[in-house]
Structures are given as C-alpha cells and as structure tokens.
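Top to bottom, those sequences are chains P and A. Residues in the first sequence are numbered consecutively from 1, following this note's numbering. Residues in the second sequence are numbered consecutively from 1001, following this note's numbering.
Simulated from the structure, these hints should not be mistaken for lab results. What you are looking at is a predicted structure, and each value in this text was computed from that prediction instead of being measured. Even glycine gets a Cβ: it sits at the ideal position worked out from N, Cα and C. One or more of the hints may lead you astray.
[As the list claims (entries may be wrong)] Below, in silico cross-link-like pairs of lysine-lysine (BS3-like), each with a Cα-Cα straight-line distance of 27 Å or less:
(1) 264(P) / 291(P)
(2) 27(P) / 100(P)
(3) 1188(A) / 127(P)
(4) 1291(A) / 100(P)
(5) 100(P) / 1233(A)
(6) 1100(A) / 202(P)
(7) 1177(A) / 204(P)
(8) 202(P) / 1107(A)
(9) 202(P) / 187(P)
(10) 202(P) / 1233(A)
(11) 1107(A) / 107(P)
(12) 177(P) / 1202(A)
(13) 127(P) / 233(P)
(14) 107(P) / 1119(A)
(15) 1202(A) / 1291(A)
(16) 202(P) / 1119(A)
(17) 264(P) / 127(P)
(18) 1100(A) / 1027(A)
(19) 119(P) / 188(P)
(20) 204(P) / 1227(A)
(21) 187(P) / 1202(A)
(22) 1291(A) / 202(P)
(23) 1233(A) / 204(P)
(24) 1291(A) / 204(P)
(25) 100(P) / 202(P)
(26) 1204(A) / 100(P)
(27) 1202(A) / 119(P)
(28) 187(P) / 291(P)
(29) 1100(A) / 107(P)
(30) 204(P) / 233(P)
[Claimed, not checked] A few chain P residues that don't get close to chain A, going by computed Cβ distances all over 10 Å:
(31) 1
(32) 28
(33) 29
(34) 149
(35) 169
(36) 194
(37) 201
(38) 202
(39) 243
(40) 267
There are 2 protein chains.
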Amino acid sequence: MTIDTQILTALRAAGDNGVAGTELSQKMGISRAAIWARIEELRSLGYEIEASPHLGYRLLSVPDVLHADDLLSNLGQTKVIGRDIRVFEETTSTNDVIEKLARDGVKEGVVVFAESQTKGRGRLGRKWMSPPRRGLWFSILLRPQLSPTAVTQLTIAAATGLFRGIRAQTGLTPEIKWPNDILIGGKKVAGILTELSAELDKVKYVIIGMGVDVNLSAGEFPPELRKIATSLKIETGQRVNRAELAVNILQELDRDYQRICSGKFEAVANEWEEHCSTIRHNVIIHMGDRKIQGRAESLDTDGALLLRTQHGHLERIIGGDVTLEK
Amino acid sequence: MTIDTQILTALRAAGDNGVAGTELSQKMGISRAAIWARIEELRSLGYEIEASPHLGYRLLSVPDVLHADDLLSNLGQTKVIGRDIRVFEETTSTNDVIEKLARDGVKEGVVVFAESQTKGRGRLGRKWMSPPRRGLWFSILLRPQLSPTAVTQLTIAAATGLFRGIRAQTGLTPEIKWPNDILIGGKKVAGILTELSAELDKVKYVIIGMGVDVNLSAGEFPPELRKIATSLKIETGQRVNRAELAVNILQELDRDYQRICSGKFEAVANEWEEHCSTIRHNVIIHMGDRKIQGRAESLDTDGALLLRTQHGHLERIIGGDVTLEK
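Given these sequences and hints, build the entire structure.
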C-alpha cells in the first residue's frame, strides 16, 4: 500500500471521529509534516479533508475521479483481480495498455482504467465512445490455464460479475445479452471485449476490456445511439459514484474468475442463463456474411451458445450479433 | 524488385550464355558503373559472378546464405506468402519479429528468416535449437478470415506444405506427426509453432513459425536429441541447398494457404491424413496433467484430431504430445 492508500484507509476507518496527525504519523512511520504534505496532495486531487485541532483529519467527500490508491484502499483483499491498479487520464484503448503490460510479463490481475479513451473499441473493431469521467473504461489482464476454445467462459464470467456489480451499486436489475452486452430496459449500458493471445492449445494471456456508461446524460449520446444505449444515471435518475461502482465490479469479477479457475464454470453459466435475455428466445444471429436463425437453448461447457436451428439440429456459436426475433 | 533481385533474375535467365553489362544497364535504367557496383556487392556476399569481355556476366554459384532479394527472385509469383521477405542474421525468435510486424500493421504474407535464433522456441515455450546457417528458421504472418477455433486448419496446411516442400527438394518422403511435427524414419526433422492473436470470434493475426533441421551433422545435436531428431543432410547423405529448399517450401505453403482461404480445407486434410503417422494408430496423448488413450481416427472440419477413446466415444483434441502405443 502506498502512503496515500494508507491515509485514505485510516480516514475511512475513522469516519466522523477523525484521526489525529500524530496517530497517522506513528502508524506509517513518517513525520507529521510528510503526512500534511500528502493530505495537501489528496486535497489537490479533489478529496475534501477537514483538519481540526481536536478531531484531527476527517474525510468529508471524495471527488469523482478514479484514483488508483483509493480504489486499492476500498477494494480490500481480492484474490487476483485488482491487486495492481493503474489509472490513466487518457489513453488510446485500455486493452492496448494491458497488451503492452502482458508482453512485458506483468502478472495477471492488473487493471488499467482510463478517464477517457481516444480509440475505445468494441467487438470487431467497432468504435466505443468513452468521454472523460462519464463512465468506467477499463481492462484486466488474465493468464488462465485454459485452452483457447474455453476462453468464452471468461466473457461469460465477466458478464455475470459486471451484472452483479451494477446491481449491487444501483439496485437496478440489468439483463445480459449474449455474448458480451449488459442491457437495461433493452438498451445497452455496458459491453465486454475479450481479446486473447495463444498457441493452438494454450492461452498465453487474455484481456478483458469493459466499458460501462455510468454518468452520461441522454444528450451526450449521439442521436443514432439514443434509442439503443443508456447510462446508469439515466436509468436511476441520479449520478452514480464511479469509484464505488468500480470497486463493486472488480470484487464480483474476482469472485467469478475464482469460480472459473476452480472448474466451477457451470455455476457461473447457470447464473448467467438466469439473467440472460437471449436464452430461451428465438433469435437471429449475424456472423459476418452468415445469418442463422433458431432458438438459443443454453451454453455449452466452453461458454459457446447452443442454438437449435430451424432444421432442428444444434449449432455451436462462438460469436455474432444477436437480435431477438419478433 | 530491388536492383539486386533484377540482376540475379537476369543472370539466372541468361544461364551459361551470360548477359552483357550494357544489356543490364539498359534494362534497369542505371549506369554500367552502378551495375558493376551491385555485382561487386553480390560478390562480397559470396555470389560467384564471372565477368568476361565477350560473355558479360555469368552466375557461377550462389553462397549458402539466405538473401532476401535472391529468395524473392527465385520465388516467382506467389499469391500471399513471401511477397515480402526479410532476413535477419540473428534474432531472438522469428515469431517475435513477426509479432512486432503484425502489431505495426504489416500485410499478411511477410516472411522473416533468421540465420540463427538465440531464443528459438517450440510448443509450450520449449526450446528450439537454431544454430547459424544449419537450418531454416522462419515465420510467416497471416491474417485469415477464420474463427480462432479454425486456426488449427493453418497448422495442418503448414504441415502439408512443409511436407511437399521437403519432398520436392530432397526426394525423401517424410511423415507428419499430429499436430505439428515432420518426421523422417521416426525422427523429428521439422516443427511448426502456431500462435494467434484474436477476439473471441475473430482472428486478428496468426503467426506460423517453422524450424527445419537442414544441414546439421549428427554430432551437432546434443546427445539427448540424437535418438529423436535428424536433419535433411543426415537423411540424404549430402548438404541441402537451404535457399532452394526455402523457395520450395514457401511456394507449397502459399498453395495450401490459398486452399484454406477458398474453403478447401478438406482437400488439405485428405492429403495430410495420407501422410500422417498418427491417424489410424492407437496413441497416447499427454495434455498438461491429462493423459488420454485411444485410436486417432481423423481430423474434424476445424483441424482438430478426433480420437476414439477406450470407452468408445469420440473426443476432439486440439493439442498435446502424442506417442504411438506399442
């Protein structure tokens, strides 16, 4: 833990009682002047910290910024995901940053957030709008012991984790649309982009990128997206604390990743199916030039969608654009 | 074509008749002095070029080096593979070089050769010995319109291409061992390492790395490899021209890649099965901690091995270490 993380953790633990500068100084083994300097630094980032002679320091409010130390301090003990968090003010795409870290041999679990992305992307190179401080744009590095064909399991796990994180923070109950979208009231509020580097039978690393539209107003979506996209702010009618949401999501993702790693994909898949708007529906799936129609039945053991076609046979689908049949 | 390529092509076409400096100069639109300078440069690389007043220039012999221009000049018109060839004196691993080119957006078909690799690797991070000028150590960048699950098709295609290239150059008939080895008399003479970068349902790029033990003597193999590895020189009893072999292999690989791209995997698979020492045999396959036993029946449409297990059901195997059951 950095000094900032330690200070924020102590301030949070103390709550309204506050904590004395002397106490912080002893706990961390640095001078009171050094503590003061860090407090000033945190204030400059937007943390409202009161200093009073009898109560010491009190944390009054936290700013709407993502602060790596603060996220770490709130995250607590996760097993893999979020042990290392890095926040960029702006980047091309957080998946690109993670890819560089992956090639440099960085351990799995590192999470990269960007306050904005200049080249955020969705599946198949599609653009993903990521305006400053309006959402959570982040990516995670994983190095699972899976064959490339089983990597779809991770997208399924990411979707359930994202689902639970959003539900815990907002009280909303989203739906999951196969393979990689989270919807509220039929409109997309979050997406997942899974990328992998592999040998034929062994994954080298997997990057799970996520975008969550948190505090965008309706007017901030381009006209062509307004009918199909929404944000948590639009759906709840109020601003949503991004840092808290991020922590909720990372904790849930960590839980699901553990389930995958210990071979409990079935439990994840069951939960996923329960909240999935695609399963048990007649759908049309576009895959490049190909179009296939049928009833989405369930997931197979690798996480692929099993579709019962019009001709009655079961087809295994690993990706595509789904529309529900009217 | 570079000037060197044009000169070598003209010299080859002229054969024993030779070609006059004036003619070369006119053809290429550069001065006779410039032609002379290039000839001197080629000589310094080991090309034996005779210059006589009445015959002009004659190519007497080519050195045992890989020269990008020379390879291009001999390759002729391939559709994709080898339109761009780069030769390194030494590199870590040619797959690494191709990966960098892939990320820089270089077109598919580029081939990187290295005269030696300091960190040549085989499947699952295993070492691949690649001493200077004793073999062909090279990698190819492909950007096929395939789903990640179908990438095994490319390894199958690479194996058949490699098989035909070796047979054409040496007269030997190797066998293919699933998934990625070429054997002669039961000993490994070449291997293939396929790596990919992908989204769940779409390949971004595939790197096919190959190592062919061409001119190693028995004594150059470490003792632990002597019983299981061999070279074309050992098997034919004579040195094999590496540049000619490289050209043969690239032409065959290009042919097979075209077959895959036009949906003719079945033709490739049939040829592969005909020369495969694994199919129709009882085998033991080790996959990490797992061991599975059965009869290798055939390839499925994605290129995976279909194994009839002892319990009678068909299992789909995408990678592993195969040993024939005694």
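- State the violated hints by number, sorted upward, taking the hints as numbered earlier in the document. 1, 2, 3, 4, 5, 9, 10, 11, 15, 17, 18, 20, 23, 30, 34, 36, 37, 38
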